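Working from the sequences, and respecting the hints, build out all of it.
Here UniProt numbering is used: the first residue of the sequence shown is 1, the next is one more, and so on.
Since the hints were made in silico from the structure, they are not lab data. Treat the numbers as computed from the prediction; the structure is a model and nothing was measured. Check each hint, because a few of them may be wrong.
[As the list claims (entries may be wrong)] Distance condition first, Cα-Cα at most 30 Å in a straight line; then the derived DSS-like pairs of lysine-lysine:
#, residue 1, residue 2
1, Lys-737, Lys-700
2, Lys-597, Lys-615
3, Lys-716, Lys-650
4, Lys-186, Lys-716
5, Lys-722, Lys-758
6, Lys-696, Lys-732
7, Lys-629, Lys-650
8, Lys-592, Lys-612
9, Lys-696, Lys-799
10, Lys-330, Lys-296
11, Lys-656, Lys-615
12, Lys-592, Lys-629
[Claimed, not checked] Pair ranges (Cβ atoms, derived):
#, residue 1, residue 2, range
13, Gly-372, Gly-524, 47 to 53 Å
14, Ala-776, Glu-321, 25 to 31 Å
15, Lys-561, Glu-148, 52 to 58 Å
Note that CB positions come from ideal geometry on N, CA and C, so glycine has one too.
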Amino acid sequence: MKFVTQYRVFSYVVNYLIWSMIVLPCADSCILLLNGWTPLSVYERTGLADAVASGFVMRTFKDVRTDAHTYSAEVKILQIYKGVEKIREVAANGSLGNIYNISNFGDKKMCYADIDENESYIFFLTVYRGRLSAQYDDIFGAAVDFTEENEDEVIQQLGWDFWSSWSSCTASCDVGVQVRRRACQKKEGTCDGNEVDQRQCNTFSCKGTRNVMEIFNIQSLPVGITRDVIRPSSFNITQRANLYSPLSSLFRTGFPIDFSIIVTARLPVDSEGYLFTLSDIMGKQRLSIKYGDVTKLEYYDQNDLPGFKSPSFDVSLTNGEWHQFAFSVKGHSIKMYIDCIHVLSKTLSRSEHPSVGVNLMASIGPYFARYGRPFEGQLEQLTISSDPTAAAHQCFLQTGEVIQEPASKDDGDVRPKPTPPSVLKTTTTDKDELKELATAQTMPTEWSSWSSCSTTCGSGMQTRSLYCLNNEISVVECVSGQPETSQSRVCYIRECQELCQESCLNGGSCGQDRQCHCPSGYYGHRCQSARCPRPCQNGGNCSTSGRCSCPQGYFGRTCEKAVCSPKCRNGGSCVSPGVCSCPFGYVQPVCKPFCTKVCHNGGRCVRHNTCKCRKGYTGKDCSKPICRKGCYNGGKCVAPNKCSCPRGYKGRRCQKAVCTPPCQNSGVCIYPYVCRCRPGYYGSYCQEFTCRRSCKNGGKCIGHNKCECLPGYSGKWCQRGKCAQPCQNGGKCRRNKCRCPKGYGGLTCERIGCKYEKYVVPYQKTYRRLQREEYATQCGPWRWKTCVQTRLRYVTQSKTLYRTSYRCI
Numbered sequence: 001m002k003f004v005t006q007y008r009v010f011s012y013v014v015n016y017l018i019w020s021m022i023v024l025p026c027a028d029s030c031i032l033l034l035n036g037w038t039p040l041s042v043y044e045r046t047g048l049a050d051a052v053a054s055g056f057v058m059r060t061f062k063d064v065r066t067d068a069h070t071y072s073a074e075v076k077i078l079q080i081y082k083g084v085e086k087i088r089e090v091a092a093n094g095s096l097g098n099i100y101n102i103s104n105f106g107d108k109k110m111c112y113a114d115i116d117e118n119e120s121y122i123f124f125l126t127v128y129r130g131r132l133s134a135q136y137d138d139i140f141g142a143a144v145d146f147t148e149e150n151e152d153e154v155i156q157q158l159g160w161d162f163w164s165s166w167s168s169c170t171a172s173c174d175v176g177v178q179v180r181r182r183a184c185q186k187k188e189g190t191c192d193g194n195e196v197d198q199r200q201c202n203t204f205s206c207k208g209t210r211n212v213m214e215i216f217n218i219q220s221l222p223v224g225i226t227r228d229v230i231r232p233s234s235f236n237i238t239q240r241a242n243l244y245s246p247l248s249s250l251f252r253t254g255f256p257i258d259f260s261i262i263v264t265a266r267l268p269v270d271s272e273g274y275l276f277t278l279s280d281i282m283g284k285q286r287l288s289i290k291y292g293d294v295t296k297l298e299y300y301d302q303n304d305l306p307g308f309k310s311p312s313f314d315v316s317l318t319n320g321e322w323h324q325f326a327f328s329v330k331g332h333s334i335k336m337y338i339d340c341i342h343v344l345s346k347t348l349s350r351s352e353h354p355s356v357g358v359n360l361m362a363s364i365g366p367y368f369a370r371y372g373r374p375f376e377g378q379l380e381q382l383t384i385s386s387d388p389t390a391a392a393h394q395c396f397l398q399t400g401e402v403i404q405e406p407a408s409k410d411d412g413d414v415r416p417k418p419t420p421p422s423v424l425k426t427t428t429t430d431k432d433e434l435k436e437l438a439t440a441q442t443m444p445t446e447w448s449s450w451s452s453c454s455t456t457c458g459s460g461m462q463t464r465s466l467y468c469l470n471n472e473i474s475v476v477e478c479v480s481g482q483p484e485t486s487q488s489r490v491c492y493i494r495e496c497q498e499l500c501q502e503s504c505l506n507g508g509s510c511g512q513d514r515q516c517h518c519p520s521g522y523y524g525h526r527c528q529s530a531r532c533p534r535p536c537q538n539g540g541n542c543s544t545s546g547r548c549s550c551p552q553g554y555f556g557r558t559c560e561k562a563v564c565s566p567k568c569r570n571g572g573s574c575v576s577p578g579v580c581s582c583p584f585g586y587v588q589p590v591c592k593p594f595c596t597k598v599c600h601n602g603g604r605c606v607r608h609n610t611c612k613c614r615k616g617y618t619g620k621d622c623s624k625p626i627c628r629k630g631c632y633n634g635g636k637c638v639a640p641n642k643c644s645c646p647r648g649y650k651g652r653r654c655q656k657a658v659c660t661p662p663c664q665n666s667g668v669c670i671y672p673y674v675c676r677c678r679p680g681y682y683g684s685y686c687q688e689f690t691c692r693r694s695c696k697n698g699g700k701c702i703g704h705n706k707c708e709c710l711p712g713y714s715g716k717w718c719q720r721g722k723c724a725q726p727c728q729n730g731g732k733c734r735r736n737k738c739r740c741p742k743g744y745g746g747l748t749c750e751r752i753g754c755k756y757e758k759y760v761v762p763y764q765k766t767y768r769r770l771q772r773e774e775y776a777t778q779c780g781p782w783r784w785k786t787c788v789q790t791r792l793r794y795v796t797q798s799k800t801l802y803r804t805s806y807r808c809i
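Take a look at the structure:
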C-alpha cells in the first residue's frame, strides 16, 4: 500500500481502497469499488501525470513482487510526451539507453494496471525514490494501449498540433533520416516536448537491393508522370503512364526465393487495384501487391501455391495519406510492416523449393488489362531486396524491435568478438567476494546489456550495470550490502592499421593515433568537410568556400529557411519544404481556410467557418436563398426570388389565390376557393345573380338588375304602367298614376290649387358582407409550434338609407 498512497488518486478511491485491502478478500477488493465508476479520459490523465511516454514492454517480472503485490517491467521507451527532465534524472541514475525499469504494476483485482510482454502502451508515470513508477490518477489508469487515437489525446492535452507526415527518407539504403514537425497551439508558445522529431530510415544494406523506380527510369518523367511539388522525391503516376521492364533488368538469375518488398506511397481514397506485378508470357500474374479494403501479396509458385489462397492483411491503406509499408517473405512465413508501428505475420503455404518462374515482365500496376485499370497514385519508394530482413529496417519500428545499424563497407564486422572467461574483469579480486556476488545474482536482480565497445579498433572495454527487478529498493540492498553494481570486460573489434585508412584531405596530417588531424576550418575523418561560420541546418553541407550548400527545398545563409510552393497563405509559415504550419482554422498544404460546414450553392470558404455566398444566398453555409420581396401566404423561398407556394396559392411570391373552378361573371378569387362577386352576383363561384331592386308590377328578374315586365309595364324595374285615363295639365303617367306638376292634383291632374313639398322618408337595407378573420392554430410536424392563419366568412349587416317623396299641403 505504500506505493498507492503516493499518487494523486481520487479521494473516494483511496479511502475505499485502503478499507477493502484490510477487510475484504483480495479477489474482490477492487471490483466492489467499480459500482458507478467512470474512468478518466486519456486527455485528463495526461494533464494529471508527472510524465507520459509510450513504450514497448520487453520483459515483466510478475514472479518477483513487492508486499503490495506489485511487479516491475523492463520497458523500451519509444517517445516521451511529458516530463522529459524527470525521466532524464532517472536515466542519469543508471538506466542504459532508452530502456527503463518501471515499477508498480499488478493485478487489476487490486486496482493496478496489468501489462503484458511484447505489447506497446502509453504509460502515465511519476518518479518515486529516484525511480520510474506507474502513477494512478484513475483506477487501472497507469497504462493504456498504444493507439493513434490515444496518442492524439495526449498530444492535444500538451497543446501540440498533430504531427505532419514523415518527410522523405534522405537515402534509399544504408541509413537515411526522416523528419516530422508539429506546431505548439498554446498562446504563450511553450509546449512540453519537441517541435521536430527525427528517426532513421532505410537502414538496410544497399547490397542485394533493386530500386525499381530507377530501373524504370521514372526520374526522367515519361508520359503520364510528374514530380510532386510538395514532396519533390515522390512522383504522381497517372493511368497514361506505361511502366514495365523485363525481370532480367532487376534480377539476372531470377527472382529471389526469400525477399523483401519495400514501398512508400499515397493511394487514392477508397481505391483498389494492383501496385506492382510480375506477369508471365501466358498473361498470368505470378506475384503482385494488391490494395483496397485489404492489402494482399499474391504469390504463385511453380505449383500455383498458395495462389488465390495467398494470405491477406486486414489493413486498408487507401485513405489518401502517405504510408510506409513492406513485405518480408522467408520460408513459409510472410510479414507485413505498416508505418513503422504494426507488424502482422501470417503463413505462406508455398512449395518447399518455390519459384515464381523466369521470362517475367515487371510492371507498376497490372501489365494485362484483364486485371484492372492501370495504377494511379503517388509513389516515392519501391525497392526489392534479396534480404528478407530488409523489410524490418525500412524505418525505426515503434513496436520495440531493435534495428541494428549495418556496418560500413570498409569497417567489416564490428560486433564484439567472444571474450574468454579469463579476460572478464570485475571490480573485486577476492574469490569470496566473487562467490557472494554470484549468490546475489539469485536474488531479484538483473544485469543490463553490455555497452558498446569503447574503441573502434583494437582492444576496448564494455560495461554493464546491476539493477533490481522489482525496482522497489536500491541495488545495494538487493545484493545484501555488496557494493559491486557494475562489471567490465575487454572487447575486440578489428586490428588497427599502422596508418590512416584513407588519405587526409585539405592539408590534414595522419597522427600516431591513426586519425587525421585537420587544419583550422576543416573537420571530418579525412578533413573532407569545411567548417562554416554558422552550422548548416536541415541537411545542408558546408562547401569548400565556407558557405552552406542547401538541399532542395531550403535556402538561406545556414539553410534555415524552407521553400513552400505555392506560398503559405493566411498567416501560415513554411516549416519544411512544401509543408506549411497553419494557424487555427486553416489547413495544409497552403493554409486554406477551413469551414466545418460545407459552403453550399457556390459559396466559398474565405475564413475559418466563414462562407462568402453568391448573390441570392445567405446563411453561415450559404444554404438559404433570398427572395427580395418575400413569399406571402406561407410560401417558402427555395431559390433566389423564387417561392414554393402552398396549396391554394400561386404567383411568383404566392400572392395570388387559386379558385377551382374559377370565379364566374368577373368575380375575383380572394382566398383559396373563395370568390368575391360583383354586385348582383353571388354563389361559391359567382354563378348566381340578383336584381338590386325587386321587379315591380309582377316583373321577373332575369339577369343582373334586369327585369322582364308584364304587358302594359315598362322601365328598368317595370315601374312604368299605362294610366286608366290620360293625365291633364302636363301631368305624366308614372306607375299607373299621373304625376302632376305644381298647382294641380287629382287622378288626372284636373284639379288646381294643391301645393306639394319634398320630404325625406327613411328605409332599411340589409346585405351580406365578406369579412377576413385571423386565428391561431397548431402547425408543422411539432405540435408545440403555433401559426397565425386567416379565413373569410359572410356577415349580415343593415344600413339605413333615405329617399325623397312629395306630399300635398
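- Within 30 Å, alpha carbon to alpha carbon, are Lys-330 and Lys-296? holds, 16 Å
- Query: Holds or violated: Lys-716 with Lys-650, Cα cutoff 30 Å?
  - Reply: violated, 41 Å
- Is the hinted pair Lys-722 and Lys-758 satisfied, with a Cα-Cα distance of at most 30 Å? holds, 25 Å
- Starting from the range 52 to 58 Å, see whether the pair Lys-561 and Glu-148 falls in it by beta-carbon distance. violated, 32 Å
- Hey, Lys-696 versus Lys-732, does the alpha-carbon distance stay inside 30 Å? Within the cut-off at roughly 18 Å; holds.
- Task: May I ask you to test the hint 25 to 31 Å on the CB atoms belonging to Ala-776 and Glu-321?
- Result: violated, 57 Å
- When you check the alpha-carbon spacing of Lys-656 and Lys-615, does it fall within 30 Å? Measuring from Cα to Cα gives roughly 27 Å; hence the hint holds.
- Item | Pairwise hint evaluation, Lys-716 against Lys-186, where the allowed Cα distance is 30 Å at most | violated, 96 Å
- Query: Does the alpha-carbon distance linking Lys-629 and Lys-650 stay inside the 30 Å limit?
  - Reply: holds, 15 Å
- Lys-592 paired with Lys-612 [C-alpha distance capped at 30 Å]: The given pair, whose Cα atoms are some 14 Å apart, holds under the 30 Å limit.
- Assess, step by step, whether the Cα of Lys-592 is no farther than 30 Å from the Cα of Lys-629, and give holds or violated. Violated, at roughly 36 Å.
- Message: Check whether the Cα positions of Lys-737 and Lys-700 lie no farther apart than 30 Å.
- Response: Holds. Lys-737 to Lys-700 sits at ~22 Å (cutoff 30 Å).
The structure shown violates the earlier hints numbered 3, 4, 12, 14, 15.
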